[in-house]
Each structure stands twice: as C-alpha cells, then as structure tokens.
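Enquirer: The primary structure of each chain is shown beneath.
There are 2 protein chains.
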Amino acid sequence: MVTKLPLDVAAAGEACCAPLVTETITAEQAEVLAARIKALADPARLRLVSLLAASPGGEACQCDLTEPLGLSQPTVSHHLKVLYQAGLVAKEKRSTWVYYSVVPEALATIADVLTPGR
Amino acid sequence: MVTKLPLDVAAAGEACCAPLVTETITAEQAEVLAARIKALADPARLRLVSLLAASPGGEACQCDLTEPLGLSQPTVSHHLKVLYQAGLVAKEKRSTWVYYSVVPEALATIADVLTPGR
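Going down the list, the protein sequences come from chains A and B.
Anchor point for the first sequence: position 39 equals 39 in this note's numbering, and the numbering is continuous, going up by one each time.
Basically this note's numbering = 1-based index in the second sequence + 118.
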C-alpha cells in the first residue's frame, strides 16, 4: 500500500502559489513555499532525491541508501522523513522493507514558481 | 554601475549540476546546489524576490521594499544580502539609493535541476 502524502501537499501537482516572478505572493503563500523549498535545501537530501530518481524504477529501499551517502542509518532516516513530510518523496512498505520514490510533480511545483510563464 | 555577482555564481545561467532527477549528483555538487536553494528557502526572501520581479522594470529601490514586507530596514538589508551573495539578485547604486533586481537565470538554474529532460 502506498502511504498517503501529508495533507497539505496531497495534490503535489498543483502549484501552491502563482509563479513567484510574475505576481507578488502573500506572506501565507511564502510560508508554504519556503517550507517546501527548505526541505530540499540540504546536501544530503538533494543527494537522496538524486539517488532515488536515478534508481531502477525510480525507487529504492531505505537499506540501499545508507552506504552511497556515507551517513548513518538514523541520519538517512531523518532526511527521508523530512523529504516525505514535505511531500517530495513517497514511501511504500513491502514485507520488512520500506521503499522510497521521488514525487516528480512535487519537484515540478517548486520549479514552476521559479519560472515565469510556465 | 552594476555590481558584479559573486564569483561562484557569475555565470548564473549555467546550471551548477546535471538535472537532479536524471543523474546522481556528487557530494560537492550537492553542497553548491543546497547553498543556492537555501538562500531562497525563507518566506521573507521569497517575498522579496516576488516583489522585485513584480516591480516596474523588474527592479526596486531598497527603500521601497521595507514597508510592503512589514520588516525592519536592517532585516530587509540582511535578506537582500543573502539573496545577492547567492547570485539570485543583482544590485546597482544610483546616487544615494541601491536598486535591486532579480536574476531570472539564477532562478531558472534551480528550476532546471528539478525538472527532468530540460
């Protein structure tokens, strides 16, 4: 069963805000967008997203992500949790393992607000 | 005179890294990219970028940015400095005023690494 994404990013394909560069965003919109961008603004999390996206089928077992990053298992768990809570990755439990995958639409949401006319 | 951007982002139009979602990025690339994204990951800085981009001519005097944000002048100065150091905004001094403008190519650089096949 694919675990549901947190409510506020359930519709990850929908931009939270109008493009940043064509309209003035409100303080509330800025808070939502900043939280989402902040989840990505970490070298380990960027590498996790990159590793997941480049894995066969666009997903990887948490157990296979620790070694390539050179970080401890609890640290990798923490970063995956932050990405998951921001709606940037999805997770699925299969027997004893948890598999993670990127949510491309969530990344596109961030990209869209930075690009005028998209 | 337009002040030069910091060296590491002088060529803001060039992506620092291959698209995140099609290739695995290195630890070094992740550091550079995370620093750039982190500069944006703040509600006040997102609003500043949005205000600048929506201003006539895509630029605004620092003196006109304080009131719409509802923050103190030193706080606005700090955020503009962070954006400038990340190469996300440019600045130009005219008589006693400093004018800031968005560097669209720098925003596009971030958007590009989040979007496969661009």
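Check each hint, because a few of them may be wrong.
Cut-off 25 angstroms, straight-line C-alpha distance, at most; resulting in silico cross-link-like pairs (SDA-like, lysine to any residue) [unchecked claim]:
#1 Lys156(B) / Pro186(B)
#2 Lys38(A) / Arg212(B)
#3 Lys38(A) / Thr144(B)
#4 Lys91(A) / Pro192(B)
#5 Lys156(B) / Val98(A)
#6 Lys156(B) / Glu92(A)
#7 Lys38(A) / Ser213(B)
#8 Lys38(A) / Gly175(B)
#9 Lys38(A) / His78(A)
#10 Lys91(A) / Ala35(A)
#11 Lys38(A) / Lys211(B)
#12 Lys38(A) / Trp215(B)
Hints listed in this document are in silico derivations from the structure and should not be mistaken for laboratory results.
Enquirer: Decide, hint by hint, whether the structure agrees.
Expert: Quick rundown of the hints versus the structure:
1. Lys156(B) / Pro186(B): holds, 23 angstroms
2. Lys38(A) / Arg212(B): violated, 34 angstroms
3. Lys38(A) / Thr144(B): holds, 20 angstroms
4. Lys91(A) / Pro192(B): violated, 43 angstroms
5. Lys156(B) / Val98(A): Answer violated: Lys156(B) to Val98(A) is near 28 angstroms, above 25 angstroms.
6. Lys156(B) / Glu92(A): The given pair, whose Cα atoms are some 29 angstroms apart, is violated under the 25 angstroms limit.
7. Lys38(A) / Ser213(B): Violated - the C-alpha atoms of Ser213(B) and Lys38(A) are around 37 angstroms apart, more than 25 angstroms.
8. Lys38(A) / Gly175(B): violated, 29 angstroms
9. Lys38(A) / His78(A): holds, 14 angstroms
10. Lys91(A) / Ala35(A): holds, 20 angstroms
11. Lys38(A) / Lys211(B): violated, 31 angstroms
12. Lys38(A) / Trp215(B): Not satisfied, since the Cα-Cα distance of roughly 32 angstroms exceeds 25 angstroms.
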